[in-house]
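Spelled out from the first residue to the last, the chains are:
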Amino acid sequence: MKRRYLILVGFLVLIALGPLILPEFYVTLLNYIGLYAIVALGLVLLTGVGGLTSFGQAAFVGLGAYSTAYLTTASELPVWMAPFGASPWLALLVGLALTAMVALLLGALTLRLSGHYLPLGTIAWGISIYFLFGNLEFLGGHTGITGIPSLSVLGLEVRYGREFYYLIWAMLLVAVWLTQNLLDSREGRAIRALKGGTLMAEAMGVDTARSKTVIFLIAALYACLSGWLYAHLQRFVNPTPFGLHIGIEYLFMAVLGGAAHVWGALLGAGVITILKQWLQDLLPKIFGSSGNFEVIVFGVMMVLMLQRARDGLWPILAKLIPDSAGDRERSSVPHADPLPKKPLLQASEQLLEAKDVVKEFGGLVASNNMSFSVRSGEVLALIGPNGAGKSTMFNCISGVDPATSGKIFFRGEPVEKLNSREIARLGMSRTFQHVRLLPTMSVLENVAIGAHLRGSRGVLSALLHLERAEEQRLKAEAARQIERVGLKEHMFDQAGSLPLGKQRILEIARALAADPVLLLLDEPAAGLRYLEKQALADLLRRLRAEGMGILLVEHDVDFVMGLADRVVVMEFGEKIAEGLPEQVRQDPAVLEAYLGGVE
Amino acid sequence: MRVKLLLAALSIVTMASQAYADINVGVSLSATGPAASLGIPEKNTFALMPTTIAGQKINYIILDDASDTTKAVTNTKKLISEDKVDAIIGSTITPNSLAMIDVVAEAETPMIAMAASARIIEPMDAKRRWVFKTPQNDAQMAIAITQHMSKAGVKSVAFIGFSDAYGEGWWNEFSKMAEARKIKIVANERYNRADTSVTGQVLKLISANPDAVLIAGSGTPAALPQKSLKERGYKGAIYQTHGVANNDFLRVGGKDVEGTWLPAGPVLVAGQLPDANPLKKAALEYVKKYEAAHGAGSVSTFGAHAWDAGLLLAHAVPAALKKGKPGTKEFRVALRDALETTKELAGAHGMFNMSPSDHLGFDQRAYVMVQIKDGKWKLQQ
Amino acid sequence: MDMQIALLLGQDGITNGAIYALLALALVLVFAVTRVIFIPQGEFVTLGALTLANLQAGKTPGTIWLLLGAGAAIAVIDCTISLRTGTIRRIPRILLWSVAYPCGTALLLFLVNPAELPMLAQVVLSLMLIMPLGPMIYRLAFQPVAEASVLVLLIVSVAVHLTLVGLGLLFFGAEGSRTLAFSDATFKFGSILMSGQTVLVLASSALLIAALFWFFERTLYGKALRATAINRTGARLMGISTVMAGRLSFLLAAMIGALSGILIAPIATIYYDTGFLIGLKGFVGAIVGGLASYPVAAAGALLVGLLEAYSSFWASAFKEVLVFTLIIPVLMWRSLTTHHVEQDE
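Protein chains in written order, with my numbering: chain A, 4 to 602; chain B, 420 to 800; chain C, -4 to 340.
These are computed hints drawn from the structure, not numbers from a lab.
Errors might be hidden in some of the hints.
[Unchecked claim] Simulated crosslink set (DSBU-like; lysine-lysine; CA at most 30 Å straight-line):
#1 A:LYS288 / B:LYS741
#2 B:LYS546 / B:LYS741
#3 A:LYS288 / B:LYS503
#4 B:LYS699 / B:LYS476
#5 B:LYS699 / B:LYS546
#6 C:LYS54 / B:LYS708
#7 B:LYS797 / C:LYS54
#8 A:LYS288 / B:LYS708
#9 B:LYS792 / C:LYS54
[What the hints assert, rightly or not] For the chain B half of the interface with chain C, some residues (derived, Cβ under 10 Å), not all of them:
#10 ASP667
#11 VAL671
#12 GLY673
#13 ALA712
[What the hints assert, rightly or not] With the C-beta cut set under 7 Å, the calculated list includes, among others, these residues of chain A facing chain B:
#14 GLY144
#15 ARG165
#16 ASN241
#17 GLN436
We put the beta carbon where it would ideally sit given N, CA and C, even for glycine.
Looking at chain A on its own, in the form it has when it is part of the complex (with noise of 0.2 Å):
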């Protein structure tokens, strides 16, 4: 840990020092290097972390670029704009509006887009930018605008390469520091959390709209202030940086550098600019003359370069430094206040009541008229065989996929029109029968996701750290329920680590963590060995116990018989049993269906 910081520090002061040793030109490329790397920040987020690519980013520093040129040159600015143009740092707040405006109309209209569609989308606004900025007369056309001032920073002048250094280098510590402190935080984990697919996300309850958006905001954002920096840098704009080529050259930067990894956007950058200037020095050397080769060694060094290294360069770089993530949280299981908990429930309360509950896909009955209810303090088992309709039943309720017709209440109201989200915050949480969970993040940190709809704090303070008092109860509250269902030892192991039984119980535990009074669990015995169900079975015993209700898809009929209280039966679609699980393990019709018909 101590190693860590040390490197941290060491690498700080280096870059402090930078300037004062560096000659002129080596300025010049670390300059260029952050802000490329303020841009690949922004990709790291949206593209790495929270899985949306963009290839429109160039577009981004373009608005940025273009909105400070503008305003601190033009000789007849409109009456409301002219305020705006005394200053670049007015001008940058123009510009981080403008962006803002942008980005939130764009991402409203693309960030819908599902799968592929999106990143068509930031092909489309990339090059539809591009070509505005080459045809709009005012924003000097493809020619470009001349004469935009530098800047001051506390009366002090930045002209010169090695203040510049200072500004951009600062601005982008900033900005790696904001990155990683939302990263670290309930708001991150929902953005984390969105790489895992939609699906698991909102049924912890996190807005995954909301969270696509503010990744792409900041993204954005970052993208605006690299371009306003650029454009005083250069004191010239036109639009060949702000191509499509560029955008797709700062997805390659983050790719490169480490897509998942704040730093990695600094490598990526670091590396292809250094790569490029390099060849650029020692290709003409080889072959004799330049302009030829550059691109096409940089292209087939980049192939070798992703094969050797398909998860970035950063990876390779971390394993370097002794101790990794785990330990720094390792010294510490978190401690704090509990959380606020929902008022505890009467005993037998009816929790989930079902009634006719039909859904058809496209003709396709695969829920027919379907009825039961679950009580608080019971387990209800929801048995049948393949294909019978019990995942339909269990995404009808959860809000996942509504039932065509039919009535679902949950403690008294009707929830068949709401999404999971709304489900989720009224107290009924779930898991799944494919295990959903993100590998590479720690046990902790997974079960944290599932107390997502406990803190209330947003963005903003993430970004500053201002919510640790909260994080700290929401990492507590996660540590009691993996201590709660057993886990306790792999704590902060990667998720991805686990043997399945044991994912399965981290489900468990991330859905309790929801102080949830209704668990939904699909199959959580299945890959589970004997002693594992065992331990599975008196953690449910000991949950029903506290009073919470508990709707249980199963295939393995000898773990429900010995648990469940009540025991529906689906086949086709239908319910064609009910009762004890005596009474059910006796029923005819329930035997034909277990066992094909007996004669």
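Guided by the hints, dock chains B and C onto chain A, whose structure is given.
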């Protein structure tokens, strides 16, 4: 300790490079990217330039800026701070050259641009004091075209140009000049260099029924609108700009570009110039050298802009050497002063007569009207 | 805009759209089989067209060096692997395709004067030069990362694109070329004059699409590709090698790209960097089809062609802005109608 060693090593390196006192000229041009067809002949030209001037060895350090402004600025900074150049030549295109002005002015290093727009050297100010250029201003070429048009009785003209700085520069100048000569512009269209079809634009041009069409593009991409015009049966006069003046344009254009008018630097038709023309010798010298190295018919007028930049330097260096050693500020200042006082220097493209207010110094001798006849450039006498 | 202009623009849009559609099909195919978003698809258009142009001008196309170089690299890599894993019997086959074939083609180029060949022979020769590059690129660039994420494959794809554009500039120079027209005939449909070349583009595209359809529906290899596209693991269990499927899809993509280039080269000037924009338009079509549906991708590509033709008439300076802004509603519509829940199977 290490830092000290590093600093010591650096100072030795810099001292070593000063000790030689060669003249170092930094070149940043667009050998790749969209402007590659302009940048490549320029790059080739530097290999033909003299290696010594007034007994001093001269090194050309050539960097590619990939038609990108950021790269052009990086190159310039590198040439100035790493290679300690005494002068900069470049870049190929207007936006890149504009972006370089601040850098060279700050470092007080003279720069000779090879791009067309007058904005590079106008309006003259403290920064542009350091900037010179060799290609004709697009305004001068626009004058040549509009003159020719009004002589030929053209009353209405349609414009189609590249959707980039080149097309834009031409539109700005041409529309002004045409208005002055009462030629009506009936259509204004744009297309991208790499477009595979311009049918939409061409239909619009034709439906405006102009007496003549001006196509503002460079190199082979300028042939596409003309081919489409012919294909759609357009019979009026077609004008091109000096940007098309290379043999590849004739190759791709084929019979569809017969009869095209264009203004060009005299170098394009050097052999047809009257012997009395003082530019003939200078232009032919370049053509011969280039074709000797790259084959008959390979010469392009863009390379000649680089050649002229070399001539300007060669002309100014002897005077500057008297005032200071290469690698020093005195030398650069003297070089700038010498460039500014260039008088009656015959280049491949025209006669340079510089002044503090005019850093190009071309007069009407710098352009001729040329027509394409039988697949060849024909000087209009 | 009168009727005739509308028809002419429509014709122009459909001609370009047909080319985009071919590329869109190739992109869908490559993505479905290998998960690679194949940015360099457009480069095959360029390489195909410029190789043919060079042959017609009697020059030796630089692409032969690429073929020889890529072949040599594969020979070295694969033979090393064979020696290390003791599968020496595979070596003759490796050498046949990576060394003997390129050398044979080079020899052929050396022996005949390509400018004197009949046009069909020139086309075949161009295809012989370009098509093998598809599988070779797959072997060198993508096969080692075949299991990586779509994002990494995309970035590799961008790197390959950069390399090929650089090579294109090196081989063919910055200026463009056209090839000779396949036909000088013109057809009159009412008041609309159509060049034989346009008719040829449309007919060949239709034919090629039909051939692809037949290939996927009727042939063993086609079915194998479809199986891989639907379920990679399943296909592998059924004995369909992913490597084979990958190479085959790249072979088809290279063929489609080169043929597209050869088809438009007589009506449009092709430059070393033309490919990117053409490929991008095909990509738009492919994405409209969700990178999965061939007919929708083709329809999307045709739409792009038409949008482009009409917007170049209405506001040529803002053509790209219009094309890409108008495509967004289509994307929204596609995105909303193909919306489905992430199934927790």
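Right, here's what the structure says about each hint:
{"no.": "1", "hint": "A:LYS288 / B:LYS741", "in the structure": "33 Å, violated"}
{"no.": "2", "hint": "B:LYS546 / B:LYS741", "in the structure": "25 Å, holds"}
{"no.": "3", "hint": "A:LYS288 / B:LYS503", "in the structure": "19 Å, holds"}
{"no.": "4", "hint": "B:LYS699 / B:LYS476", "in the structure": "28 Å, holds"}
{"no.": "5", "hint": "B:LYS699 / B:LYS546", "in the structure": "34 Å, violated"}
{"no.": "6", "hint": "C:LYS54 / B:LYS708", "in the structure": "24 Å, holds"}
{"no.": "7", "hint": "B:LYS797 / C:LYS54", "in the structure": "28 Å, holds"}
{"no.": "8", "hint": "A:LYS288 / B:LYS708", "in the structure": "25 Å, holds"}
{"no.": "9", "hint": "B:LYS792 / C:LYS54", "in the structure": "26 Å, holds"}
{"no.": "10", "hint": "ASP667", "in the structure": "4 Å, holds"}
{"no.": "11", "hint": "VAL671", "in the structure": "6 Å, holds"}
{"no.": "12", "hint": "GLY673", "in the structure": "8 Å, holds"}
{"no.": "13", "hint": "ALA712", "in the structure": "15 Å, violated"}
{"no.": "14", "hint": "GLY144", "in the structure": "5 Å, holds"}
{"no.": "15", "hint": "ARG165", "in the structure": "11 Å, violated"}
{"no.": "16", "hint": "ASN241", "in the structure": "4 Å, holds"}
{"no.": "17", "hint": "GLN436", "in the structure": "51 Å, violated"}
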